[in-house]
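Since the structure of chain A is already known, use the hints to place chain B on it.
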Amino acid sequence: MRSAGFRRTRRASAAAVVTALALTALASCGTSSSGDGNDDSGSGSSDPSAPLDPKTKVTLTIDCMPPAAKAAELREWNEDVKTFNKKYPNVRIEGKSTPGQCLEPPRFTAMLKGRSQPDVFYAYFTDLQQVLDNDGAVDISAYVDDTSVPALKDIQPQVFDVARKDGKLYALPTSNYTMGLMINRKLFTQAGLDPDTPPATWEEVRAASRKIAALGKGVAGFGEYSAGNNGGWHFTATQYALGGDVVDASGRKAAFNDDKGKQVLQQLHDMRWEDDSMGRTQLLKWGDLQKQIATDKLGMFLAAPDDIAYMVQQLGAKYENFGLGPIPGAQGTLFGGNNYMIKKGSSPDKIKAAVAWLNFKNLTPGKGQFEWARTKADKLPVGLPQPNFFTGGSKAKDDADRAANATMPVENFKAFMDNPVQGKAEPPKAQEIYKILDNAMSAVLTNKDADIDKLLDTAEQQVNQILAHQ
Amino acid sequence: MSAPTLSTGKASAPPPGYHPRPGGPAPAREEFVRAVRRNVTAHGFLIGAVLCFSFFSWYPMVREFVLAFQKTEDGETTWAGWSNLSYVFNDPAFWQAWRNTALFTVLALLLGFAVPFVVAVVLNEFRHAQGYLRLLVYLPVMLPPVASVLLFKYFYDPGYGLFNRILEFLHLPAQQWLQDPGTSMLSVVIASTWMNMGGATLIYLAALQGIPGELYEAAELDGAGLFRKIWHVTVPQTRLILSLLLLMQIIATMQVFTEPFLLTNGAGPEGSTTTVVYLIYQYAFNFNNYGAAAALGLLLLVVLAGFSAVYVRLSRSSED
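Chains as they are written, first to last, in the working numbering: chain A, 1 to 470; chain B, 1001 to 1320.
If you're looking for bench data, these hints aren't it; they were derived computationally from the structure.
There may be inaccurate statements among the hints.
What the hints assert, rightly or not - Computed footprint of chain A on chain B, listed as stretches where at least three residues anywhere in the stretch have a Cβ under 8 Å from a Cβ of chain A:
id, region
1, 1087 to 1094
2, 1171 to 1180
3, 1192 to 1199
4, 1260 to 1271
5, 1300 to 1306
To be verified - BS3-like, lysine-lysine: derived pairs with alpha carbons at most 25 Å apart:
id, chain 1, residue 1, chain 2, residue 2
6, B, LYS1153, A, LYS291
7, A, LYS367, A, LYS397
8, A, LYS262, A, LYS96
9, A, LYS96, A, LYS285
10, A, LYS87, A, LYS367
11, A, LYS262, A, LYS291
12, B, LYS1071, A, LYS429
13, A, LYS96, A, LYS82
14, A, LYS55, A, LYS70
15, B, LYS1153, A, LYS297
16, B, LYS1153, A, LYS253
17, A, LYS96, A, LYS291
18, A, LYS344, B, LYS1071
19, A, LYS448, B, LYS1153
20, A, LYS113, B, LYS1071
21, B, LYS1153, A, LYS217
22, A, LYS285, B, LYS1153
Note that beta-carbon positions come from the ideal geometry of N, C-alpha and C, so glycine has one too.
Same shape as in the complex, but just chain A (with noise of 0.2 Å):
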């Protein structure tokens, strides 16, 4: 018969093994996945000119390093970061991957809020304030120029503008974009349209909508986002292709609800309700469109080019199948893109070697994700019009390498590249207005009787509510 003694001592072992491990759980979970002191061996100069000191050691945490499922993506990466230990052995890069989409808004703002982010992060262009009211990242201004990153001359300075606050520079960028119109050829041809010339304007636009809807088994000649705050996003490029604006020169006043405002309403009314050219499935956000164009069961849509690249590599269709052409209007486009920060708190060896990965699997003409022979060898999508942030001699040579080492029919994106638009950013307090612009997007989709006038100026008072309380 067991003792009383010896049961005492079970219980206490049990409780403590209970114990141990809710604390090894709690331990566990504030865990943070990116060491946020400084690892650094040695001690290099704090001058930012001065070049990274060879005896300092340093690691880098990087993310959207390619997930396992990218193998050649991910076997490039490695290789470059091979040959950067060549010319920088004592920098270790540790990439963290991400599986599916690398930067998700809701993962990205817990993740400033927990300063859980890498060393060197990635963000979309419109992510610069949500990451200064974090103090996420840190002002690199006195660490980029031309001997750190020697094709800066050569990078359109918009690209740059959009990550500078107050004159002082947080990122360096890796991709950009301007909107465009996206066509499925296979569709066009079916509907006797000519796939070489896409609509460039919104009449040749609604036009082709009826002649590609009129093929039947469900196609839509159009599609157009309501969802998600992605309508705004849309009505927005709209409305900038227009000649329009969504907020005045002085970013207080809504400046949408004028002639422009109600024609990009009218006309997704009218292809909706009066041509039944846009299918009955609205209230679609990023990724139903392509998912329909993909299978074709659309024939155009407003997009950015590395859609193309989606489409194909994710959903299985075929680069041959889509076109691009400049956004009907033509006036402007919404431009965006991606860069990567530098972590706030960083050491200048750090930030210095955080320049000198960035340089060179970035920013340089022939290297990292621009040596695109190797990209072909590795059969991955190369022709794309998009990143395209060169200029002079950086752009011939990079234009040049691009089109001898294709491995998609380029002269498919012609009208694009030929017709270039002029691109605009985002209104401040984008992502509110998007949001109250998803309702006008909506109504009009969905609604045959909506009161456009009324919707614009509902969303006019909201927006500029909106802007008064900012």
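Leaving out everything else, chain B in the frame of chain A:
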């Protein structure tokens, strides 16, 4: 051996085998050590739960309260006074979100409260295959919510959806379902009820099966029909369970998020399915405005606490 108990601080009888040292009573320190030994197991088990609650429930609640009165701009966190609440009240979507949430709650109560009860009453009448039918009713609860919602998204599609195909077959006009501001919320409630009614049905069924059969026999002898039996026997006998589920349902439905988020991509046509929790999500994760999200969360907490207080008061008065 009795279950370990927390020390009350009072002197207790010495355990068997205890022999006081010669020369007088045990010193206070020994008494304390014995008390600790006696209660170490209970404290050991308790500490894990307390830590979990502290980190994952109480700390976030305190943090939310603090955040609701702070703002963070350009890396500086400062006290914001009432400005977050002012922002929330001035948001054009604020009242619409509350109206939509109230509409969802009312519809969900009408459908989600009544339907499981009726189903449970019907199931209770079956003499055969009750286990199979119970499984059938509970099956949707076992499906991942996202799968269930996406299934309904397909059913509701105005182009190729099942529901419009059925209406077409019956020569009835097709509906816009989720894409009409007039029917979007009702469509969300129908999907939600189908997904969640299994659990409530089983609870009602358990309550029904706990009603003594003699009560029904007595009612029958008094000449009561089916509806009078339900009204005079079933409802009073299950009143406690009904009230509890009603409260739980109000609290759960006022926090609805998954269904509108997946069925209508959040806001729905003209914002007709924007709920309070979806608005909180928008503030925090799309607008990076944690202060406003916390302020709205606090308002929701106050409203839900109000419902809980009403419930507690009602249940006390019914006990009296």
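Right, here's what the structure says about each hint:
Check on the region 1087 to 1094 of chain B: 5 of its residues sit with their Cβ under 8 Å from a Cβ of chain A, so the three-residue criterion for coverage holds. Chain A is given as covering the region 1171 to 1180 of chain B, and this holds because 4 residues of the stretch bring a CB closer than 8 Å to a CB of that chain, at least three being needed. Counting residues of the region 1192 to 1199 of chain B whose C-beta lies closer than 8 Å to any C-beta of chain A gives 0; at least three are required, and the coverage claim is violated. Three residues within the 8 Å Cβ limit are the bar, and the region 1260 to 1271 of chain B against chain A gives 8, so the coverage statement holds.
With a threshold of 8 Å between beta carbons, the proposed coverage of the region 1300 to 1306 of chain B by chain A is violated, since 0 of its residues qualify and at least three are required. Pair hint LYS1153 (chain B) plus LYS291 (chain A) holds up; C-alpha atoms about 16 Å apart against a cutoff of 25 Å. With a C-alpha separation of about 12 Å, the suggested pairing of LYS367 (chain A) with LYS397 (chain A) holds against the 25 Å cut-off. Restraint check for LYS262 (chain A) and LYS96 (chain A): not satisfied, since their Cα atoms lie roughly 46 Å apart, outside the 25 Å limit.
With a C-alpha separation of about 28 Å, the suggested pair LYS96 (chain A) and LYS285 (chain A) falls outside the 25 Å cut-off, and the hint is violated. Only pairs whose Cα atoms come within 25 Å are accepted, and LYS87 (chain A) paired with LYS367 (chain A) is accepted, the gap being roughly 14 Å. Between LYS262 (chain A) and LYS291 (chain A), the direct Cα distance comes to roughly 29 Å. Violation of the 25 Å bound is thereby established for this hinted pair. Our distance criterion of 25 Å between C-alpha atoms is met by LYS1071 (chain B) and LYS429 (chain A), whose separation comes to about 16 Å.
Of the supplied pair hints, the one linking LYS96 (chain A) and LYS82 (chain A) holds, its CA atoms being roughly 16 Å apart against a limit of 25 Å. Distance hint between LYS55 (chain A) and LYS70 (chain A) is unfulfilled; the C-alpha atoms sit about 35 Å from each other, more than 25 Å. This hinted pair checks out: LYS1153 (chain B) and LYS297 (chain A) have alpha carbons roughly 19 Å apart, not beyond 25 Å. A threshold of 25 Å between alpha carbons decides the hint, and for LYS1153 (chain B) with LYS253 (chain A) the separation of about 38 Å lies outside it, so the pair is violated.
Distance restraint check for LYS96 (chain A) and LYS291 (chain A): the Cα-Cα separation of roughly 28 Å exceeds the 25 Å cut-off, and the hinted pair is therefore not satisfied. Between LYS344 (chain A) and LYS1071 (chain B), the direct Cα distance comes to roughly 20 Å. Compliance with the 25 Å bound is thereby established for this hinted pair. Our distance criterion of 25 Å between C-alpha atoms is met by LYS448 (chain A) and LYS1153 (chain B), whose separation comes to about 22 Å. A threshold of 25 Å between alpha carbons decides the hint, and for LYS113 (chain A) with LYS1071 (chain B) the separation of about 13 Å falls inside it, so the pair holds.
Only pairs whose Cα atoms come within 25 Å are accepted, and LYS1153 (chain B) paired with LYS217 (chain A) is accepted, the gap being roughly 20 Å. Between LYS285 (chain A) and LYS1153 (chain B) the CA atoms are separated by roughly 14 Å; this keeps the pair inside 25 Å, and the hint holds.
Consistency note: the structure conflicts with the earlier hints numbered 3, 5, 8, 9, 11, 14, 16, 17.
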